[in-house]
Amino acid sequence: MKSLRFIVSRMLQSVPVLFGVSIVTFLLMIATPGDPIRLLVGVRASEETIALIRDRYGLDDPILSQYFTYLGNLLQGDLGASLRFKVPVSDLVGQFYPVTLFLVVYSIILILPPVVVLSVWSAKRPNGLADQVIRVLGVMGLAIPVFWMALLLARFFGVTLGWFPVSGFGDTFIEHLHHLFLPALSTAIWVIPILTRNLRSALLDEMNRDYVLAGMSKGLGEAQVFRTHVFPNSVLPTLNLFAVIVAYLLGGSVIVETVYAVPGMGKLMVDSILARDYFVVQGATLVFALTTIVVMLAVDLISGLIDPRINT
Amino acid sequence: MNPLLSVRNLTVRFGETTAVDDVSFDLPRGGALGIVGESGSGKSVTCRALMKLLPSVAKIDGAITFDGDDILGASEAKLNTLRGKRIAMIFQSPASHLDPLMRIGDQVAETLRKHTDLKGRAIQDEVLRLLDVVRIPDVQRCARAYPHELSGGMKQRAMIAGALACKPDLLLADEPTTALDATVQKSVLDLLAELRRTQGLSMIFVSHDLGAVARVCDDVLVMRKSKLVETGKIRDVIENPQHEYTQMLIASHPDRLRLHKPQDVARAAPLFEVKGVQIRYGGGSILDSLMGREGGFVAVKGASFSVQRGEALGIVGESGSGKTTLARSLVGLVKTAKGEILYEGSPAEPTGRNRAAYLRDVQLVYQHPYEALSPRICIRDAIGEPLRRHKLCSPKDIPAKVADLMQQVDLAPELGDRLPAQLSGGQCQRVAIARALAMDPRVLIADEVTSALDVTLQAQVMDLLIRLQKERGLTMIFISHDLAVIRRLCNSVIVMRQGEIVEAGPTADVFDSPTQDYTRTLIDAIPRLDAAPA
Amino acid sequence: MLNSRRLACATIVAASIASGVMAQDVVRIASPNKVTVLDPIASAAAGNIEAFGQLYARLLRRDTSGALQPALAESWTVSKDGLTYTFELHDAKFSDGTDITAQDVAFSLNRVAKDEASSYPAAFVPVKAFTAIDDDTVELTLEYPSAPMLSYMEIFNAGIVSMDDVQARGDEAFLTTPVSSGPFMVEVWKPNDRLILKANPYYWREGYPKVAGAELIEISDDNTRGSMIMAGEIDANRGVPFAQVDEMNANDGVTVPLEPSTLIYEIMPNHAVAPFDNINVRKAAAMALHREAMVKAMTLGKAVVANSTLPNALTYYAADVAAPSYDPAAARALLEAEGALGAEVTLMVTPQFEQAATLLKAQWDAAGFKTSVERVDPGLWWDRLTKGEYQVTVNWWYNETEDPDLAVRWAVCGTCGNKSYYTNYNNEEVNAMVEAALREQDDTKRSAIYGEIQRISTEELAQIPLYYPPFANAYSTRIKGLTLTPSLQWTLEEAEFVE
Amino acid sequence: MKMSPMFLWGAGLVALWGVIALAAPMLATHDPYAIDFEALLQAPSAQHFFGTDNVGRDTFSRVIYGARLALYIGILGVIAPMLIGMAIGLTAGYFGGWVDSIAMRVVDVAVPFPFFVLVLSIVAVLGPGIENYFIALALVGWVGYARLARAEAIVLRSSEFVMAARTMGFSHPYILFRHVLPNALSPVVVYMMTDVTLVILFGAALGFLGMGVAPPAAEWGVMISEGQIYISTAWWISFFPGLAMVLIGVGFALMGDGLAKMLRIER
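The listed protein sequences correspond, in order, to chains A, B, C and D. Be aware that the first sequence starts at 1, since it is given in full-length UniProt numbering, and climbs by one per residue. Be aware that the second sequence starts at 1, since it is given in full-length UniProt numbering, and climbs by one per residue. Be aware that the third sequence starts at 1, since it is given in full-length UniProt numbering, and climbs by one per residue. Be aware that the fourth sequence starts at 1, since it is given in full-length UniProt numbering, and climbs by one per residue.
Think of the hints as simulated: they come from the structure by calculation, not from any bench. In this text the structure is predicted, and so the values were computed from the model without any measurement. Among the hints, erroneous ones may be present.
For the chain D half of the interface with chain A, some residues (derived, Cβ under 10 Å), not all of them [to be verified]: (1) D108; (2) V111; (3) I122; (4) L198.
Pairs of lysine-lysine, DSS-like flavour, derived with a Cα cap of 30 Å [said to hold, decoys possible]: (5) C:K210 with C:K480; (6) A:K124 with B:K114; (7) C:K387 with C:K114; (8) B:K59 with D:K261.
Don't be surprised by glycine CBs; every beta carbon is placed ideally from N, CA and C.
Generate coordinates for the entire structure from the input sequences, incorporating the hints supplied.
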């Protein structure tokens, strides 16, 4: 009940946020030079044709009225239609969003186990050999350009060894797993270090807490104290960072999706920006924003479950 | 019959520093031994060494034999069969020694799960029984509660319950009552004493407070600078201490401090007049105003009192009684919702236009010595800051002025370049006082200035304050939960409870013939050296 | 062992992409060009052009050798004055099983020629009307003769659509599954991802297409397409970077035949703004460039250095004209003479021309220009270009037919709608010759006129020609018969898998 | 305060790059912009330590000069967001109330934005180029700093030494600068060190998407994306800039970890 009210209030709060997001995006798109119609009808079309079609799309109306038309439709749940494909933006989102979502979730699944293992490992003996190695490797993973690493992985695992597809999404669940392995891996390579570093320091902090001593004094032994007390307490700070990263992945999968030709939101976004397909960019951004808000909310709820002091 | 525990030439080193130096003692079955000393004296380390609960960097020499088992030689596995089962431990500040994410019940149960073959339901029942043993009301609720939902006293009881779970032979109590209010402290001490009798516990009780030790123990060790300075029957030690440190320790116990006679004050127009002040936290939200209620939580309810020039007023009360809030309202840290504060007859505006001027007259000294000083500013600058900011003297005179202030509060000049973190608690408290004095105030409000300090330091700081009051004719308001301190320093006293002033009057009257039961319990709770063991 | 794995993996992919159909009978083509609309008159963007051909049959078609062949029209006659064409239609059906009638043909072609939204009517400007004489006879009447008119019956937007359907569904008709007359019909269109085609059972040409379906997959990144074909995930890769041609060829199972194209890469000075409004500055800019070396660097010697403003694959291409050759000293002298030494020029390029930009800047600066490179995305590029808000830029273009008519209208004609590829080159004489050449029926005379056009426009450097590249597409050895015709049409219907 | 070895290693590495950047003209063996038709795509040799690229430029010299842009982008790219973020975060956290709620609403709008998309469209609006990249970063990147600073400020606001400063009648701005800022700095600085790496990487990523620094600038990201199509025929074009990027990243990250240790005040 209490948490239900929490959810509702948060959702209400998110309305003005989404409103703000829509304004910013709209202004950005309006400010972007370049004519969608020119890109649509192609090189050879004459000025007259272009002007005619611009008019058909109402692209020459005053900006404000354009925005209000857009907002009006938005309030009725209508994200508008793509300038390029003339199909509803919601259809496009429906087509590309699941892929990105799958990719992100997949990446998370690949990311979490190593993060836990590595951070625990290096926290056991701070500044020990393992710790140093893990940290340096981490920094490298962080500093290698994703698209570069991705390309190498594709050529090696995809072409040389032929173990994994280098593109696409597949149709069945198994195929999804198979196709998205390399993209997810490429993502994991730079996300793991960030989370590991964070969780490690959290673990180190928690290991010096008084309740650890108390636990030891009960004869629980290090292993159990770590398992039942230290770890749960360390997860909290990492969880928040995790939320930020997930949010980032949703929008930042552009590169990986490009290199592995994954038909996901990132690709849709970039293509739409390049093609000045205003309504798609707006719609997609709104969906992103909404997802992020939901993720943040979810994380807050989870932390609420873990930590009774946070009241959700 | 050989002792339950015998310690021979125990020495603990952390790298260069020796934390415990050649300590030996025995504990007979059913005996209770107190270890007394100030922070850094090595008493806690000794206590933890008994369980071999020291970080791996610690080098431990000597021998500890518990019921025939060699502790220091034992393997972790072996130790873990002793820890919690036969030797249990309770700590200072239960708040931090309980896992905030785990229900009280489960934390008590941990020991049972580890050391007994009890299962599910049986464990539940046992937990409830234990919680009941330590006098926790409404055990059902408490077992399901999380630490932050319980008061400090309840937490400590819960921790004790956990320690008792496996009927240990030896209970190690490390400052178990220090963080608690006087009344709570008393009740916990009584509980321990009782458990000793009923459960036949042997006990080692570590504390900085002889009075507390006297309530529970027969024998006492006095430690100082990691060395054992005196041992003996507690009575004897208290009656005629041999070592001069012990003597000082006893002399500086609030109970033994000579009552200084506060200068009596002219019954003139009061310097401070507080009229029906009400203070509220939170509230005032749109929702509240819509529902036409005040909302929020009321910390101080209609407090009225007055302070004469040169008077020393004491405000006592347990944590949460609103005494600190009240004090802060006097310097504008919290806004008053109702009522008014008159300073020299005219309304004081601690938050208003000429607050700077007002605050030059009225200064507040805070409770936690370390936290009250900006961590990255060396203390010379810290003391000079008000001078510089308020241009109280020409820039070139500042060093001299600062040196003078430091000397006034007995701070060695060479400390000037240190950061607060590099000073002791007592020194920090002096810095804070010096900084307040830099404003050359007429009123000094001291908020629990002594409670975070060791007894000897407490005494020194109190002396300092008394001296300053004499020299500068300061008007003082002391906030403290320690009645002994108040009794010693103040002409008159106000007793607060849950935001209300329940009793007020000249110190002597209030202490000798309290009209309120609450006041009486507070007074009874003052740890006394001569009190008979509970 | 590895190979078997690779194979297994490939089949999974194939199966997955081909959605149910057996992998071996669906051709998968990855192209950087996007399919954005399915209405043949709505766009002249490369990606769409490549798709239109598969969906809409034309009256004529080109065989793999590039020769014009009868298609929906099994025969035709042209009147003496060249003003009237009469086409006899083949019995043929749309993908919905309805007959393709003369009415459909007239309707479709009139749309291209006359509809105000027709994106590229240039070829059909002379058209008076297409009229259906009877169910299988279409008559085309012209305002004035147009020599190449017959070949225009094959270009991408001359495809035949179903009149009934379009009139019934309006714009809707082309949204997802248009009625098709070509070898293939739309199975699923996933906008911004792929166009999945399946064989049109009613296609007029017996036994074609030979494959069950095709997928046009849009992949923007060169390397990704490269990885895909080498990993066997696609059968054709549209546009292999010259740098990777040899590498691909070396890879077993992949070949990169360099196929003839009507492409030309060129530097486009803006004739309307300083300094390139000055013929001598343009000359200097040309002379500053070691074009042979540049072409070698940019195409690793896989392309021919261009000498004319027109593609070398066109009929009447003039091999004898030439842009001024490399002479930086002379270039500097020329600039000095014009007082243009140290002239600041901004070179606007899209990402694909980074290398070119580097080379141009280096050489121009050496000759006394002050070049700054401005990198813009294609969207901005087109905007600036068409608005004429640039000094100089680099790009390519191609011509739909071997006949130069459309080419000259596009590239060097100031009055044909595109301001000489928006370079604002405008020479009355040339403009006049463009019209004359169209009307001229005599082959040798036309040849002479086009030669003259090329001589003048090259001399005046309407654009500075760089090179004539071949198409470099990679094909899997699993298929044969698949090529890209100069008019950007895949010969998908001819393609088949080798056992 | 004593230097942690990790910090020293990191600082050393970064300093090394700083020196390289400054001494580039001395260290470079060739003109990083000089094209050479005779020396296209040459493998590493005594002549060209890191080989040459597709227009015959000397990769070694370009990597050396690239250090300048990398540091320029990295440092400028975080300074602006840091300052903006700190200013907003600290004020919001310290004053709380409506100031806070306004600032946080702005943050709320900025946070759910897909970072990359936002940078991308801003760059699309302003046109490519380093300066615009900075602007984009400043407009987007400040949020992280603001959140950090705010969290710290909220804690500090209720700390006794800030209260003490209040009761000594000091002004809010003074307290913010003298007492709050110094104690809020350390997490921000640490975050900054990772941010530098990410900023440099984003520069490269934009280059990959064709929106980075315009040629012929010797910028590692651009070099990598230029070298991509030669990955298997002339690996050195993209390998060495990539390596450089990793090394500078390691430097900053180590510095960050080291600083985190050093800035903690031991009691």
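Right, here's what the structure says about each hint:
At its closest, the beta carbon of D108 of chain D sits 5 Å from a beta carbon of chain A; the interface hint therefore holds under the 10 Å criterion. The interface hint given for V111 of chain D holds, since its Cβ lies 7 Å from the closest Cβ of chain A, which is under the 10 Å cut-off. Checking I122 of chain D against chain A by beta carbon gives a least distance of about 7 Å; that is within 10 Å, so the hint holds. With a least beta-carbon distance of about 8 Å to chain A, the hint placing L198 of chain D at the interface is held under the 10 Å criterion.
Taking the CA atoms of K210 of chain C and K480 of chain C, the gap is about 11 Å. The hint holds against a cut of 30 Å. Restraint check: the Cα-Cα separation between K124 of chain A and K114 of chain B comes to about 23 Å, which is no more than 30 Å; the hinted pair holds. Restraint check for K387 of chain C and K114 of chain C: satisfied, since their Cα atoms lie roughly 25 Å apart, inside the 30 Å limit. As the CA atoms of K59 of chain B and K261 of chain D are separated by approximately 26 Å, the hinted pair is consistent with the 30 Å bound.
Consistency with the previously given hints is maintained throughout, with no hint failing.
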